[in-house]
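Colleague: Using the hints provided, position chains H, D and Z relative to the given structure of chain C.
4 protein chains.
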Amino acid sequence: MKVGFIGLGSMGAGMSRNLIEAGHDLIVYNRTRSRAEEMQSLGARVADTVSEAAVGVEALITMLADDRAVQDVIFDPGRAIESLSERAVHISMSTISVDLSRRLAKAHAEKHQNYVAAPVFGRPEAAAAARLYILSAGPSEAIKKCRSLFAAMGQRTFMISEDASAANLIKLSGNFLTTAVIESLAEGFALVRKAGVDPQKFLEVLTESMFSAPVYKTYGAMIAADKFQPAGFKLPLGFKDNRLLQAAAEEASVPMPMVSLMHDRFVAALAQGLGDADWSAIARVAYKSAGL
Amino acid sequence: MKVGFIGLGSMGAGMSRNLIEAGHDLIVYNRTRSRAEEMQSLGARVADTVSEAAVGVEALITMLADDRAVQDVIFDPGRAIESLSERAVHISMSTISVDLSRRLAKAHAEKHQNYVAAPVFGRPEAAAAARLYILSAGPSEAIKKCRSLFAAMGQRTFMISEDASAANLIKLSGNFLTTAVIESLAEGFALVRKAGVDPQKFLEVLTESMFSAPVYKTYGAMIAADKFQPAGFKLPLGFKDNRLLQAAAEEASVPMPMVSLMHDRFVAALAQGLGDADWSAIARVAYKSAGL
Amino acid sequence: MKVGFIGLGSMGAGMSRNLIEAGHDLIVYNRTRSRAEEMQSLGARVADTVSEAAVGVEALITMLADDRAVQDVIFDPGRAIESLSERAVHISMSTISVDLSRRLAKAHAEKHQNYVAAPVFGRPEAAAAARLYILSAGPSEAIKKCRSLFAAMGQRTFMISEDASAANLIKLSGNFLTTAVIESLAEGFALVRKAGVDPQKFLEVLTESMFSAPVYKTYGAMIAADKFQPAGFKLPLGFKDNRLLQAAAEEASVPMPMVSLMHDRFVAALAQGLGDADWSAIARVAYKSAGL
Amino acid sequence: MKVGFIGLGSMGAGMSRNLIEAGHDLIVYNRTRSRAEEMQSLGARVADTVSEAAVGVEALITMLADDRAVQDVIFDPGRAIESLSERAVHISMSTISVDLSRRLAKAHAEKHQNYVAAPVFGRPEAAAAARLYILSAGPSEAIKKCRSLFAAMGQRTFMISEDASAANLIKLSGNFLTTAVIESLAEGFALVRKAGVDPQKFLEVLTESMFSAPVYKTYGAMIAADKFQPAGFKLPLGFKDNRLLQAAAEEASVPMPMVSLMHDRFVAALAQGLGDADWSAIARVAYKSAGL
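Chains as they are written, first to last, in numbering that gives the first Met the number 0: chain C, 0 to 291; chain H, 0 to 291; chain D, 0 to 291; chain Z, 0 to 291.
Treat the hints with caution; some may be incorrect.
Pair ranges (Cβ atoms, derived) [what the hints assert, rightly or not]:
hint	chain 1	residue 1	chain 2	residue 2	range
1	Z	ARG67	D	ALA150	53 to 61 Å
2	Z	PHE74	C	ASP197	58 to 66 Å
3	C	ARG86	H	ASP225	37 to 45 Å
4	D	LYS143	Z	GLN199	15 to 23 Å
5	C	GLU207	H	ALA108	27 to 35 Å
6	Z	PHE74	H	ALA150	43 to 51 Å
FYI, nobody ran anything at the bench for these hints, they're computed from the structure. A virtual CB, placed ideally from N, CA and C, is assigned to each residue, including glycine.
Just chain C, with the same shape it has in the complex:
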């Protein structure tokens, strides 16, 4: 399948590599061109402009940092939406807002293009290993066409709804579940440490009994060790996703006090200079407020 791929960050790099290996014909674009050129040796063509990556492809995948990046690439003058053919499909895999997803659906429909939201669960290692969980939503006909692409990138694809933005909502909600785990661990470890109990013992008891899920192991280990570098997922990105969820909740008139609590924690973490750390460094806020 002829595929344009925009965004070769730590996630996009692995995903595009897997598409190439599965035999798809890729044309890649990245703002920092050198990352695109690495793909050339694997058989991808390198686009000089966003437009070039969109012209003539059957599917255009975007995997970018945030709403602004996606808007720039799709809507700016001379950008993808002008170059994409009718009936081609834009597969938006970035973690973006529910609102932008809705606007994209509308804009592509007006151009007689297809739009599928397909955000993912999984960290860069999972992207590299084609082990992502893909949350797809949009017109079912369009999703069907993307099947071979999803199969090349993930271990499982969920079909969520005809309404594309539902996938984005679920993606953001999933990230929130993870922040709730992080914060609950943070408070628990703060208490246990201050009460003089060995945090490694606490970690062992949790992760080898009821809380053996990876999320407890991954973040529990960082929090127990009070060590948040290197960052698997940077704190400002976690904050961004929390804000996108708040915006969706506000629009739907759903009070989410735990989301608000996470908001405060992220802000405090940034105020305390943790912008380069892993998002689980919100535990430092709990530690500090406990006088640790």
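Modeller: Frame of chain C, contents of chains H, D and Z only:
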């Protein structure tokens, strides 16, 4: 081993049965005598008084509802602490406060008795199936003597600390991690439902991808279905444990805002008449406040 | 002084009237023209377009509902910033975001126009009675020129800073102080009512002892009576201001948990259908969650 | 009137002095005897024991630090309840729990003694100047007998209810309103300071416009100056009152999220070593979490 067992509720019934089956010599006491008599057919002797269950045993196990019940049984005039032999061990398996655990440790030490805290993770089914996780703490010599008992009741025993109350602290912290999962699911489902996304689809995506741990499945299903009967663990008990954790956190000067949030949720749930429901019914509070 | 005045809502009507009475030469603009025509009989000229209200005036006052309205009026093609003379001053009295205030300062400076932020404390009655408190900030030379205008509209003008946006920040913070009073009263009355104490007695004790300030009397009376109509200040406006404060706090990396709590209350109030009520109707959320 | 007075702390000293000056016949007791002896020169008799202060008096006033102190004095073997005559009245002016107030009402009734709850609003200066606000509740006949005493100590006495504990509930609620003001100021000043606005200017604008009430002036000044010594009301006492309110709210099933937030702030303040500061030092927690 000659064992006294006090408290034959939904947890204690399964635990004592497993001890008998493992060949231990049990004398059981329960406030409602009929539950004790059921054990008689399995080979246990029935004590008429608490004191009788404590006289001459090597180990006395308590598995009761709350601090007050444990205090009554141990400290009231004519109660267990007067009857227990020197060098016998009181194994306190109830979910009690850190503070009471400390007072028990001190009181037993003064009587030259041993005290081991051994609260458990696991619901009644796990108790019946001898699949509990046992969190033991106290003098290591005393814990060693209890090994065969723990092996008969649980799938794994952790040795946490020489300080008995550390086990109670970890038990309470573990319950808190579960409430955090429940609340995060509650808010997520409220959002998803109000945004018009099928809650069963949301449940499927979560539990078949990143959130496959049992805690997400068990509570996710109840919350998705908005059905909180029959109660596996009653809401007032969850509230009690949250309060015990707050007391421990306050004593250790550890601010735990998520624990405070759970406090508010439990109070609201009781105000809204959910005292007989499963503790995951705090999701109803989220639903209601979202106008669902 | 020759003054353009844009926005004749419940606040702007009184303010512009007071300017006319003080002898200033007003040209007024309002989207709904009929409200502007009422001013005609008092001696104001009516502008057909925003631009007309800005051409040739020494000062242009905007008193509009929100950021969007101010942006439309100032920045849209053919709007005020194009028509305003060099050295004229735009006095922005609306409750707008810190961010927009900054952008206005910059944009006017580029046009060699002056910009003064002058948001106010006070409700429509105070506007009508020229009893507003005016929070002015911006270049001191420009503020000086506005003195006679401020004197005609308010009982006191504060000079806050050379940085215009500081006035907006203080205005938003002041509104937040009021929401905190409302919420604390709401929780207090919920408790007192549920404990069977007469809410009117509680109101009397508070407002005739330590809490005699108008804010406690005004909102206390509404909350005690559980009656939030007619709305002095509508709930969605209070919510908007809270959001603007959150945005400012986020930008400055200041965690404000009480502001987050108010956010949740406003969202819940809207979810529960209180969009037409006074902002103190967030007390209904407290009442409902207490089962009242 | 013949009056026993127990508790000559910073509040009780001024109150008892005013009673003496009004011509009442006082017998005073204080744990630290020297403080009682100071009263001797003014005409009071000094009791060697609690019991001595209760025997034969028409009214016994207690003004003590907390529940425990009141319980000790009233209920301990050989204490006041045994010595007080039938028909004498115990006037409990300390800030105690709703629950203890109820138990006192019951215990005194069983002894055919009267019980009036009469907690106060006002700091030591107000006590010295006989400017307290007195919140009385209990049997109206009993309250009537106390009128001349109240008149000697306060500027105004409110009659709240026949149910004595209602006065304690209102007293605790009033203190909570003050903590809400403190926290809202704390967050506001944190924001304003971090945004580079002069906190003294912010203080001036607030207290000379809408927020001129004493509570804003007193605490605003301390928070603006970031100076919390000397302590007018110590932080642990504020924390205690917040806890008593939480207990009352829990019993009445009223969720009070702002009270929970204050709880977290007090715990954090203690964790950060602010136990000797004025309770408004919870602002330090806000400052620190904002990186100030």
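Colleague: Look at the Cβ atoms of D/LYS143 and Z/GLN199 and judge whether their distance stays inside 15 to 23 Å.
Modeller: holds, 22 Å
Colleague: Please check whether Z/ARG67 and D/ALA150 have a Cβ separation lying inside 53 to 61 Å.
Modeller: Holds - the Cβ-Cβ distance for Z/ARG67 and D/ALA150, about 59 Å, lies within 53 to 61 Å.
Colleague: Starting from the hint 58 to 66 Å, judge whether the C-beta atoms of Z/PHE74 and C/ASP197 obey it.
Modeller: violated, 43 Å
Colleague: How does the Cβ-Cβ distance of C/GLU207 and H/ALA108 compare with 27 to 35 Å: does it lie in that range?
Modeller: holds, 30 Å
Colleague: Confirm or reject the claim that C/ARG86 and H/ASP225 have a C-beta distance inside 37 to 45 Å.
Modeller: holds, 41 Å
Colleague: With 43 to 51 Å as the target window, see if Z/PHE74 and H/ALA150 comply at their CB atoms.
Modeller: Since the Cβ atoms of Z/PHE74 and H/ALA150 sit about 49 Å apart, the hinted range of 43 to 51 Å holds.
Comparing the model with each numbered hint stated earlier shows that hint 2 is the single one that does not hold.
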